[in-house]
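Asks: Residue numbers (our numbering), protein chains in the order written: chain A, 1 to 630; chain B, 1 to 81.
It is possible that some hints are incorrect.
Distance windows between CB atoms, simulated [unchecked claim]:
| hint | chain 1 | residue 1 | chain 2 | residue 2 | range |
| --- | --- | --- | --- | --- | --- |
| 1 | A | Glu255 | B | Leu78 | 48 to 56 Å |
| 2 | A | Met290 | B | Arg81 | 46 to 54 Å |
| 3 | B | Ser2 | A | Glu601 | 45 to 53 Å |
Computed far set for chain B versus chain A, every beta-carbon distance over 12 Å [unchecked claim]:
| hint | residue |
| --- | --- |
| 4 | Met1 |
| 5 | Ser2 |
| 6 | Arg8 |
| 7 | Ala13 |
| 8 | Thr25 |
| 9 | Pro30 |
| 10 | Glu75 |
| 11 | Gln79 |
Here are some, though not all, of the chain A residues that point toward chain B, as calculated from beta-carbon distances under 10 Å [unchecked claim]:
| hint | residue |
| --- | --- |
| 12 | Pro40 |
| 13 | Ala43 |
| 14 | Glu73 |
| 15 | Val185 |
| 16 | Gln189 |
| 17 | Arg190 |
| 18 | Val394 |
| 19 | Leu500 |
Derived by calculation from the structure, the hints in this document are not laboratory data. All residues carry an ideal CB built from backbone N, CA and C; glycine is no exception.
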Amino acid sequence: MMLANDPSQLRTEIDARVAAGETEKVLLSIQELWRVERGPASAAFVVSRCEGLRAQARFLVFRIAILRAMTIEPIVPLLRAAAFTYGIDLQVHVGDFNAYAPEILDQQSSLYRFHPDVVILAVRTPDVAPDLWQEYGEMTPETVEDALQRVCASFQQWIAAFRRHSSAALVIHSMERPSLPNFGVLDGQRSTSQVAAIAQLNAEIGRLAREQMGVFILDYEGLVARQGRDRWNDPRKWLIARMPIAADQLIHLAEEWMRFVLPLTGRTAKVLVVDLDNTLWGGVIGEDGMAGIKLGSDYPGAAYQSLQRALLDLYRKGILLAVCSKNNPEDAMEAMGQHPEMVLRPEHFACLRINWNDKEQGLREIASELNLGIDSLAFLDDNPFERERVRSSVPEVMVIDLPEDPMLYAAAVRNHPALERLTLSSEDEQRTALYQKQRQRVAAEQSFQSKEDFYRFLQQRAEIAPLAAASLGRIAQLTQKTSQFNMTTHRYSDQEIADLAVQPGWRVVSIRMRDRFGDHGLVGVAITHDQGNTCEIESFLLSCRVIGRQVETALLSHLARSAAQRGMDSLSGWYLPTRKNAPAGDFYPRHGFQREEQVGENSRWRSPLGGAPLTCPDWIELTVANGENK
Amino acid sequence: MSVLVFERVRAIASDILGVPAERITPDSSPESIEKWDSTQHLNLILALEDTFQLQFAPEEMDQMQSIAQITKVVESKLQSR
């Protein structure tokens, strides 16, 4: 097992594995190369090798357009290489130099013809507000105010035009401040300072972005500050190549873009599985004991407390936490439950695997207990040996590298793009509580004779409702994240759902579930449209939390009844098999649908609405909220 | 010309230009390597700056028109550091 690898040796190994046709191992070696050497040279290598693997590797294709008033081309290979290491094949369109405004405003522009999934507006303060950037000394409070209004009006116009022409996500760079204000330290003494004016501009752009769905702010000013403004800027390259960013900083912009790309593609971790000894605290609980482990507000225990705070922030963003560690469970639970300096407590974890089994088994058990695919897991462990074992035995799990110094652990977690989220639904905030209730349900299920008895005991209540503003975010999120019980796996953005719902004949309905253990929230979505006398089911999906409880029958019975009321005479839909949606495979035949068409692996099913009605199981109490999609 | 610096320049040029290292000689230039256009030239300069932690002056970039010239400029910058 190789831990620290030489980049040139890795290149040789990658090419040997390509020649041997070992696709999965090639991808592991490419990820390793990218970990030890991220730069323009390795990026070109990674991109060329991954492009060669397209036929075998099943990359997810995602389209990104970058609008700019600077030379951005050298960042493209870095971005594409980073994306390939997450299994994403980014198709990149770079806008014409300094043409971002007409490209956004004109519906016929190359931007919209490219059909992007996400658009990055990579403009800088000197591009959109040259006066605020370098002529501030001449400006009066009135002309500053005029300039702010002018720039905000432009952004407002761009955002509105973009939303009219495209349902893609839009990521806008915030405006940076100059390294030294035009008036030096005097700037800080003035009521209308240059630095304050640019901060105000950013606040306004942020407000404009929040008014529209799918428009996000990338904190470019914060990124530049984090990396060091004087290291970031390369004024000489700006003058000779219109490239304002230093060569060794380009990777940081590519990685910042990835923090948006991963959540937009859904390639994020849903669960972070953590180790205990030397990860959540310093030392080994079984040897050092409660008094001996390092955890507290002083050095060295503070490093572990700040990691725990970073994990708590993930928990608050709706990412589940779980433990997979090799300890005596009594020792570990005592520390987690009783140690006065712990930030995290057992109730923050949705699942615990504390035993002496190997971690591969623990990770598989955690995925199965939480009813999630193994590729929903990320893994955090201080021990490079454990990390390497997980990488090679369960390559689907996203392994997070930790630096040697525990003081840097928290930053490694906060920096990881797979732990980013772009939106927060109320379900996210309550997710761990939901999973804890699930644990109680599983315990109850085991004490019943038949499934039906158990279902009755659960007292399930379902509520079906048309699309509403409050549920839009969660509905889009479910279409993006649900892979198992999903008939067609069509992914929709918030904006696309909103657009669909107002098309004539289209309907977006959702189902919420509650039972005696608690509220599951919004767990299922169906999108239909009427064509002639047929109600066509475009999308039908169910959160994995409620698979196997006949919620799908409840939702389908509603579709049938409502279609019949509109005068439709049949219901039909496709099943498009993927690697993951086998649980949905028998859905249509199980409900009496007949196969009507077969195209490769894809099948189309139909059920007449005249005969025996599709009914909701009597153990689910179904209510339907009225109203059209509004 | 230092063999060590030449080998590293050659490896970077091989990655960026997508040409096997064996095909890159001190005489290789935008004229002899088809993929070596202005975009790739900028990428090559940036990769060299990133790898060797340097920043080239515009005058130095003007001189860097072959692998041998590039190696010479990199070498002199490394020595004067």
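Asks: Now tell me if each hint is right for this structure.
Replies: Here is what the structure says about each hint:
Here the CB-CB span from Glu255 of chain A to Leu78 of chain B is close to 28 Å, at odds with the stated 48 to 56 Å. Under the hint 46 to 54 Å, the C-beta atoms of Met290 of chain A and Arg81 of chain B, about 52 Å apart, fit the expected range. At about 59 Å, the CB distance of Ser2 of chain B to Glu601 of chain A disagrees with the hint of 45 to 53 Å. Remark: the non-interface label on Met1 of chain B is consistent with the geometry, its nearest Cβ contact in chain A lying 20 Å away (cut-off 12 Å).
Non-interface status of Ser2 of chain B relative to chain A is upheld: no Cβ of that chain comes within 12 Å, the nearest being about 18 Å off. The Cβ of Arg8 of chain B sits about 10 Å from the closest Cβ of chain A, inside the 12 Å cut-off, so the non-interface label is violated. Against chain A, the non-interface label of Ala13 of chain B is violated: not every CB pair exceeds 12 Å, the least being about 9 Å. For Thr25 of chain B, the condition that its CB be more than 12 Å from all CB atoms of chain A holds, with the nearest at approximately 19 Å.
Non-interface call for Pro30 of chain B relative to chain A: holds, since the shortest CB-CB distance, roughly 16 Å, exceeds 12 Å. Once the 12 Å rule is applied to beta carbons, Glu75 of chain B is consistent with being away from chain A; the minimum gap is 18 Å. Taking the minimum C-beta to C-beta distance to chain A, about 20 Å, the non-interface status of Gln79 of chain B holds against the 12 Å cut. The interface hint given for Pro40 of chain A holds, since its Cβ lies 4 Å from the closest Cβ of chain B, which is under the 10 Å cut-off.
Here the hint on Ala43 of chain A is kept, as its CB sits about 8 Å from the closest CB of chain B, short of 10 Å. Because the closest C-beta pair between Glu73 of chain A and chain B is about 6 Å apart, less than 10 Å, the hint holds. Taken as an interface hint, Val185 of chain A does not check out: its beta carbon lies about 28 Å from the nearest beta carbon of chain B, beyond 10 Å. For Gln189 of chain A, the interface hint is violated, the least distance from its beta-carbon to any beta-carbon of chain B being 34 Å, above 10 Å.
Evaluation of the Arg190 of chain A hint against chain B yields a violated restraint, the C-beta minimum of about 34 Å exceeding 10 Å. Interface restraint check for Val394 of chain A: the shortest CB-CB distance to chain B comes to about 31 Å, outside 10 Å, so the restraint is violated. The interface hint given for Leu500 of chain A is broken, as the beta carbon of that residue sits about 40 Å from the closest beta carbon of chain B, more than 10 Å.
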